[in-house]
Each structure stands twice: as C-alpha cells, then as structure tokens.
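Quick mapping for you: the protein sequence lines, in order, are chains A and B.
With our numbering, the residue at position 53 of the first sequence is 53, and numbering never jumps.
With our numbering, the residue at position 301 of the second sequence is 301, and numbering never jumps.
Heads up, a few of these hints could be off.
Here are the simulated SDA-like pairs of lysine to any residue, each with C-alpha atoms no more than 20 Å apart in a straight line [to be verified]:
{"no.": "1", "chain 1": "A", "residue 1": "LYS220", "chain 2": "B", "residue 2": "ILE146"}
{"no.": "2", "chain 1": "A", "residue 1": "LYS220", "chain 2": "B", "residue 2": "TYR140"}
{"no.": "3", "chain 1": "A", "residue 1": "LYS321", "chain 2": "B", "residue 2": "GLU128"}
{"no.": "4", "chain 1": "A", "residue 1": "LYS321", "chain 2": "B", "residue 2": "ASN123"}
{"no.": "5", "chain 1": "A", "residue 1": "LYS220", "chain 2": "B", "residue 2": "MET383"}
{"no.": "6", "chain 1": "A", "residue 1": "LYS220", "chain 2": "B", "residue 2": "PHE392"}
{"no.": "7", "chain 1": "A", "residue 1": "LYS220", "chain 2": "B", "residue 2": "PRO109"}
{"no.": "8", "chain 1": "A", "residue 1": "LYS10", "chain 2": "B", "residue 2": "PHE229"}
{"no.": "9", "chain 1": "B", "residue 1": "LYS167", "chain 2": "A", "residue 2": "ILE267"}
{"no.": "10", "chain 1": "A", "residue 1": "LYS220", "chain 2": "B", "residue 2": "THR136"}
{"no.": "11", "chain 1": "B", "residue 1": "LYS351", "chain 2": "B", "residue 2": "ASN194"}
{"no.": "12", "chain 1": "B", "residue 1": "LYS167", "chain 2": "A", "residue 2": "PHE249"}
{"no.": "13", "chain 1": "A", "residue 1": "LYS220", "chain 2": "B", "residue 2": "LEU148"}
{"no.": "14", "chain 1": "A", "residue 1": "LYS220", "chain 2": "B", "residue 2": "ILE142"}
{"no.": "15", "chain 1": "A", "residue 1": "LYS321", "chain 2": "B", "residue 2": "HIS125"}
{"no.": "16", "chain 1": "B", "residue 1": "LYS314", "chain 2": "A", "residue 2": "ASN110"}
{"no.": "17", "chain 1": "A", "residue 1": "LYS215", "chain 2": "B", "residue 2": "PRO109"}
{"no.": "18", "chain 1": "A", "residue 1": "LYS87", "chain 2": "B", "residue 2": "MET260"}
{"no.": "19", "chain 1": "A", "residue 1": "LYS215", "chain 2": "B", "residue 2": "ARG112"}
{"no.": "20", "chain 1": "A", "residue 1": "LYS87", "chain 2": "A", "residue 2": "PHE122"}
{"no.": "21", "chain 1": "B", "residue 1": "LYS167", "chain 2": "A", "residue 2": "ILE258"}
{"no.": "22", "chain 1": "A", "residue 1": "LYS215", "chain 2": "B", "residue 2": "ASP129"}
{"no.": "23", "chain 1": "B", "residue 1": "LYS314", "chain 2": "B", "residue 2": "ALA225"}
{"no.": "24", "chain 1": "A", "residue 1": "LYS220", "chain 2": "B", "residue 2": "ILE132"}
These are calculated hints, taken from the structure and not from any lab test.
Just so we're clear, the structure is a prediction, and the values are computed from it rather than from any experiment.
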Amino acid sequence: MTTPMPPTTKGALEQREARLAWGLLLPTIAIVSLVIVLPLLAIFWISFKPVGLADLRPVAPVIRESLRERDGDYRLEYRVRNSSQTKTVTGMGFTDQIPDGVTLLDVPPNCDLNGAALICDFGDVEGGFNERLRIPVTLDGDPEILEEIVEGSEPTSRGQGDSVLTNSAFTLENFARIFDGDEFWDVLWATLFYTVFGTIGALVVGLFAALLLNKSFRGKGLLRGLYLFPYVSPIIAVAFTWVTLLDPFSGSLNALLIQMGVTSGPINFFGQRPLALIMVTVFEIWRYFPLSFLFILARMQSIDTDMYEAADMDGASPFQKFWYLSLPMLLGILSVLFLLRFIWTFNKFDDIFLLTGGNAGTRTLTVNVYEQAFAISNIGAGAAVAVVIFVMLLLFSVLFFRFISQEEGL
Amino acid sequence: MNLLRQGIVTGGVIGLMWAFVIAVTVSVALSFASGLGFRPGIWGCLLVGAAGGMALVYVQNARWVIVGGILVAMTLLLTPLSPMFFGEGVSIMWRLLAVGLFGLFTIWPLERMLVEAHVGALNRHAFEDAVIRFLTGFGYIIFTAIVLIPFYVMVMTSLKSQQALLKNPLDFSVDLSRGLDLFRSYFELFGQFNFGSYLWTSFYVSVLTVFITLLFSVPGAYAVARLRFQGRAAFSRSILLIYMVPMIVLALPIYIAFSMTGLRNTIPGLLMIYPVTTIPVALYMLQGYFRGLPGEVEEAGLMDGLNRIQVIMKITLPLSLPAMVSVSLYVFMIAWNEFLLAFMLLDDPSKFTLTRGVAMLNSSEIPRQHLMAGAVIATLPIMVLFLGLERFMTKGLTAGSVKG
Numbered sequence: 001m002t003t004p005m006p007p008t009t010k011g012a013l014e015q016r017e018a019r020l021a022w023g024l025l026l027p028t029i030a031i032v033s034l035v036i037v038l039p040l041l042a043i044f045w046i047s048f049k050p051v052g053l054a055d056l057r058p059v060a061p062v063i064r065e066s067l068r069e070r071d072g073d074y075r076l077e078y079r080v081r082n083s084s085q086t087k088t089v090t091g092m093g094f095t096d097q098i099p100d101g102v103t104l105l106d107v108p109p110n111c112d113l114n115g116a117a118l119i120c121d122f123g124d125v126e127g128g129f130n131e132r133l134r135i136p137v138t139l140d141g142d143p144e145i146l147e148e149i150v151e152g153s154e155p156t157s158r159g160q161g162d163s164v165l166t167n168s169a170f171t172l173e174n175f176a177r178i179f180d181g182d183e184f185w186d187v188l189w190a191t192l193f194y195t196v197f198g199t200i201g202a203l204v205v206g207l208f209a210a211l212l213l214n215k216s217f218r219g220k221g222l223l224r225g226l227y228l229f230p231y232v233s234p235i236i237a238v239a240f241t242w243v244t245l246l247d248p249f250s251g252s253l254n255a256l257l258i259q260m261g262v263t264s265g266p267i268n269f270f271g272q273r274p275l276a277l278i279m280v281t282v283f284e285i286w287r288y289f290p291l292s293f294l295f296i297l298a299r300m301q302s303i304d305t306d307m308y309e310a311a312d313m314d315g316a317s318p319f320q321k322f323w324y325l326s327l328p329m330l331l332g333i334l335s336v337l338f339l340l341r342f343i344w345t346f347n348k349f350d351d352i353f354l355l356t357g358g359n360a361g362t363r364t365l366t367v368n369v370y371e372q373a374f375a376i377s378n379i380g381a382g383a384a385v386a387v388v389i390f391v392m393l394l395l396f397s398v399l400f401f402r403f404i405s406q407e408e409g410l
Numbered sequence: 001m002n003l004l005r006q007g008i009v010t011g012g013v014i015g016l017m018w019a020f021v022i023a024v025t026v027s028v029a030l031s032f033a034s035g036l037g038f039r040p041g042i043w044g045c046l047l048v049g050a051a052g053g054m055a056l057v058y059v060q061n062a063r064w065v066i067v068g069g070i071l072v073a074m075t076l077l078l079t080p081l082s083p084m085f086f087g088e089g090v091s092i093m094w095r096l097l098a099v100g101l102f103g104l105f106t107i108w109p110l111e112r113m114l115v116e117a118h119v120g121a122l123n124r125h126a127f128e129d130a131v132i133r134f135l136t137g138f139g140y141i142i143f144t145a146i147v148l149i150p151f152y153v154m155v156m157t158s159l160k161s162q163q164a165l166l167k168n169p170l171d172f173s174v175d176l177s178r179g180l181d182l183f184r185s186y187f188e189l190f191g192q193f194n195f196g197s198y199l200w201t202s203f204y205v206s207v208l209t210v211f212i213t214l215l216f217s218v219p220g221a222y223a224v225a226r227l228r229f230q231g232r233a234a235f236s237r238s239i240l241l242i243y244m245v246p247m248i249v250l251a252l253p254i255y256i257a258f259s260m261t262g263l264r265n266t267i268p269g270l271l272m273i274y275p276v277t278t279i280p281v282a283l284y285m286l287q288g289y290f291r292g293l294p295g296e297v298e299e300a301g302l303m304d305g306l307n308r309i310q311v312i313m314k315i316t317l318p319l320s321l322p323a324m325v326s327v328s329l330y331v332f333m334i335a336w337n338e339f340l341l342a343f344m345l346l347d348d349p350s351k352f353t354l355t356r357g358v359a360m361l362n363s364s365e366i367p368r369q370h371l372m373a374g375a376v377i378a379t380l381p382i383m384v385l386f387l388g389l390e391r392f393m394t395k396g397l398t399a400g401s402v403k404g
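Looking at chain A on its own, in the form it has when it is part of the complex (with noise of 0.2 Å):
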C-alpha cells in the first residue's frame, strides 16, 4: 500500500486558474511598465546623453516652395533648410513633382529633372544650412492658379537628422556637473533636512492630534473632518494661500507679529536662509499631519479597553498610562509611518516648487531635476539628479522591506 501524496504536478484547475490570474493583471502590467519602467529605464540612459533642451525638436531637412513674379519673368524657389543651427542632416534633399503648365527653363547643379519629378540632392549638410534655389520658369496658363497648385504641393524630402538621444555619443559630463561644488552638498543637506524633520514632525504632531480626539465628545466628527482639510484640498490653493500669508509686503501673518511687536519690521519669510528651509519644512508638517493623525487615531480606536480598565485598578497615572500602554502599541504603526512618510517627503516636489521655487537654500534633489532640466535646459543633468533621486530610492527601500516585513499590516 502506497502513501499518499500531494500531487508534484500542477492539476488542469491549478493552472486555468493561473492563467486567468495573469490574464486579469495584464493590462495592468502592461501599463505599468508602459509608463513607469520605459521611462526609469530611459532617465538612466538620457543621465549619460548630452542632451538639452533644446535637442528635443527633430533634426530635419525643412523645405518650402514658392513661385515668384519680378519684372514679368516667372521663377520657381525652393528655400532649404537645416531645422537645426548645430546639427548635421545626412543624405538632405527632396524630391517634387513640377505640375503640367510651367516648364523649367534650368535646371540647378544639385538636381536632375526626370519627367516631370525635380530631384534634389545636397549630400550631407551642416547646421545652418539655409539655401536658395532660384530656377526661371515660363508658365503655360493663369499664374494665379499655377501659383495655387505649385505651392499646394509639398516636395517630399529625404535626410537623416541625427538625434542626440538615439545616438552612440556618451559622456559623465551630467554627473560630473552635479556633483561638482558645494551646491551638490547644499542640495542634499536640504533634502535630508526637510525630510528627515518634515517627517517627524508630521508623526509628533499626527499623534497630538490623534490623543486629543481618541475621546467621544460631541463635535468630534467635525473637528475630525477639520483636521483633515490641509490633506485633501490641492496643493496648489494651500500652497499659494501660504504664500500669501506669509508675503513679506501684504502678508497678514507679517502685518500680525507687526502690530503684536514680535518683530519691528516685516519678515521674508520664503526668501532668506536658513529661514526658507524650515518654514517649507513647516508647511510639509502642516499638510501631512492630517495623514499620521488619521492612521494614529485609526489604531488608537483598536486598542483593547480592558488593558487601561487594568492599568486604572493598578493605580496608573495618565501619563504612565499614555507611555507604557498606548505608545508600546503604536509602536507598529508609527514606524511604519516613519518608513513611508519618509521616502514620500523625500520625494516630494509640489510643495517646495510652489512655495520658493527652489530659492533661498530650499533645492531638494527632486527640485533640482527640475531646475537642471527646465532652468537650465540641461536636460541630460536633470536626469543625472533623478538617476541618483532614485538610487538613494532604492537604499530606502532595501531597509524599508528589511522592516516591514516585521511590522503589521501594509
């Protein structure tokens, strides 16, 4: 008699139902790397590229054609053109189609006439390329119409522009750009600044937040709603509310510590060091609170009531109470927070682009992409940034699922 055994082999059920699995994540997948894997693949090879941003429009051979009147004599022009000022245009020429009723009287070194097909060549041409070619005609019929049906007729052109992204060309020009000085330093002290404060402040202030509303009383609903405002209104109104608060010209905050004699005059609020970096890291502790107070007070409300029923007959103080019952518990919860929080203000870029726009010593990594690939046009630095953005990504999220995998839920 045999024992029995789970069997080694996937069953017929087993593997429909994998099938349907995969077939129902497909398109998600397929998406999602559509537009989250291509373009991280495509940051790290723009990051090595020379590109700016000015190579983003296509290298092309562009013509236009005209037929002209001067003194009673018909020519035909053709104006060719190199759409780049530096790049070169290989194999550039075109290739059009004369139409019955206007014959050509010569035809230009360049080209070759075969039947009623004007065919052009120029070889390879540098950037800048810009030339005339003048060609007497006689018409055989209404020049006006002829006019209409020379120009409404587009020479086909041929030539190969060479874009800087698809080329072979490769530099560390990008890298060595930004990690060069004391600004790549600047960058990151920010960086950690805001997100290492910005993160806990948001937790300290979630869980004040969280312990004054852990009690039924009426109106608790309402001051709950309230409390998340700051959270689910858009960015862009919160963020430019705070801007004008805060206005060092019309703001009501500096008029406020004005008249109430804090500060004699009026203060920049957004526009000095180190004073910018920490007013940004407020704002991000004002918006973000809402978020850990609500995770906090969602865990705050699981904990069993039985335990501070104990804690209350052993004679516990508040305090004692709130330090080793409530925050052992939290424990989980605020850790898991701390991670996630973490990463997300590190990569938050909203928020300081609209308060300071990167000024006054508040460029963060993500800002700096911006500001190397837009300010300044360098679009292959921008992409070193982000290549570096994500690498430091990625030690995080070696550590993240290092601990999480030991936390509870999420």
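Once you've looked at the hints, dock chain B against the given chain A.
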C-alpha cells in the same frame, strides 16, 4: 517637582500659561475679524491668569471667580497692567469685548482644568489630569487655528479689492454693502480667464481617470486577492515599490517622449498618465477589501455554474460597493489635485486643468485676490465631496495607505 505639585503652585502656573494662550488667541481672532489692532499685554494677562488659577484652587464656588476674573480684567484695562493693548481707533466697546472675552475664556476653562486641584500637595493623578486638561485645551485651540486660518485667509482675500488688501492686510471684514461686487474676482475668473472650461476639463479628466483606474485595478485586485498563482507575493510587493517612484523622475522622460510624439498639450496624453499613477493605489486598496469578503459566497456562485468573470460581476462587485466608492473618491481626489504633470505637459491655455489654470494666475500682473479666488474654486468641489462623503473618504484614505 514637589513644589510644582502643591495645588496652589499648579493652579498658578497652569493659570498663567493658559491666560497667555487665551490672550494671544483673542488678539489674533479679533484682529482677523475686525482688522483693528489688538495685542496681548504680557504682564497683565499673566497676572490675571496666575491670580485666577490660585483663586480657583482656594475658593470652592467657581462662579464667583469667573465673574471676579472678568471684572478684574476689565478694571486692569484702565491701568498699565492691562491684559490687552490696543491700536489706534479701537473703540471702547471693542476694548471691553476683548477684555471680557479674555476674562471669560481664561477663568472658565481654568475652572474645568483645576477641578481636582486643592490646597496642599496634589497626588500624581490630580496633577497629571490638570496638565492633560491644559494640553487638551491648548491642542484644540492650536489645531483649529492652524487649520482654519489659511482657509479663512484664502476665502476672505478672494472677496477683497486690491486697494483694501494693500491698505490693511489684516482687515478681513467683509464689506456687505458691495453686494454682488464682493464676488468680482470670481466673475472675472469665469468671464475673462476661462475658468469655466478649466473646471470642466478638470472634472472630466478626473472622472475618466476614475473609470480607467477601476477598469484596470478591479480585475488586477481580484486576481491578487483570490486566485492562486506563482509570484503572487512578489507581485503584491512590487505594487508597493511603484508607490515609491517619485513623480518628477517619471515626469522628465514622459515630457521628452510626449514632446517628440506630439502628445504634449493634449488631454489624451494626460489621460494616459493619470490612471497609471492611481492604479497601484487602487489595486492595493481593493485587494485588501476583496480579501475581507467571504470566499464561500463566490464558491457558491462557482458551484452554481458561473465562471470567474461572472462571479466578479455578479457577486464580488455588488458586495464591494462601499469600497468602490471609497476608491473612486480617493482616485478622484488625486486626479483633481494633481499639479506636477498638468504643469509640465500643458502649455496651451485652452486645455488647462484647474490646477494648471490656478498656477497661471501666480504672476505679478494678476492681483492676489484672483489667485485666491482660483484657489477657492479648486478647493471647494473637493471640500464638498469630502464633507458630504466623509465616512467613505476617511476609509479610503486609511485603506489607501499613505500615497501623497
């Protein structure tokens, strides 16, 4: 520490701290409400607070202390030790109101805080309870203030005229005699700045994003939650990893690709990206909910001859309607509030979403109240949704973990 636990000292210290908090609160509140000058008088308010706190520990009948506190505060008004000082042109009625409010809101809550305090050494419980009550009161005031003030300023600024704003930045009083002219900034935004079209664009982009997100994430979430296949755990994890990719890192290559393919400045281009940023969140939220549904119901359906797709359509989805509402609201909120991609990918004012339109108003040539009116227009729909469906929204936020 032992000295601090003497009832009389506890009362005095908590009293003066609370009095200071209230003096600042009353000054700020009245300044913002009237535009006039109010500021706390440090020594006066500390005096009232400390004396009130001690008196409440001594005297049994609190009502007399409250009345006494208000009267003392009003008397001090005439001396250099006034608990509040005033700017020019503050009438006597405002002054009395300010000091009266200060007296009332100092002594009355103090009485609640010090209810267990008595003369002599307090035990640990009574002392800590008093401290906690003080912190609680302080917390309510500070949180309500920091949340409300920016929104108050936003709404009130949008109703002001440029001159009034420059003349006194503190004056948020509403001049009702202006009638409909109060909403001039809004009329101008809708009339000249095309905000009606931005509102509509934002709305349909957000709704389409919700639909596309659900279309992709419902089957995905079901597969992860219910079906067994190799790599399920790995897949769950990689969903979380996608959470962690910063948008700006993706925005750069997307900008390049869209520039080269002509998708920049188009709404379909935006609609290709928005759902992808929300699908992982939605998938994660939904699979958590699907897992919580009883599997037996679905098995019964399978036994009765439904196939998996029919099970999802006829059993799982109807059962998870509340979760779908939460997810939809959450995704709607993300899409509505999205700024970075709209800012980078849209240049053509006829195709702006609302957030992009508000960003356009941030220029030195456009008056501040227009910017604030734009901010109100962008915030209001989300607030209405949020307050109306708070239960679902809160659930969505907690379940959707911490994307932001």
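### Index of numbered hints that the structure contradicts, given in increasing order
Violated hint: only 16; rest satisfied.
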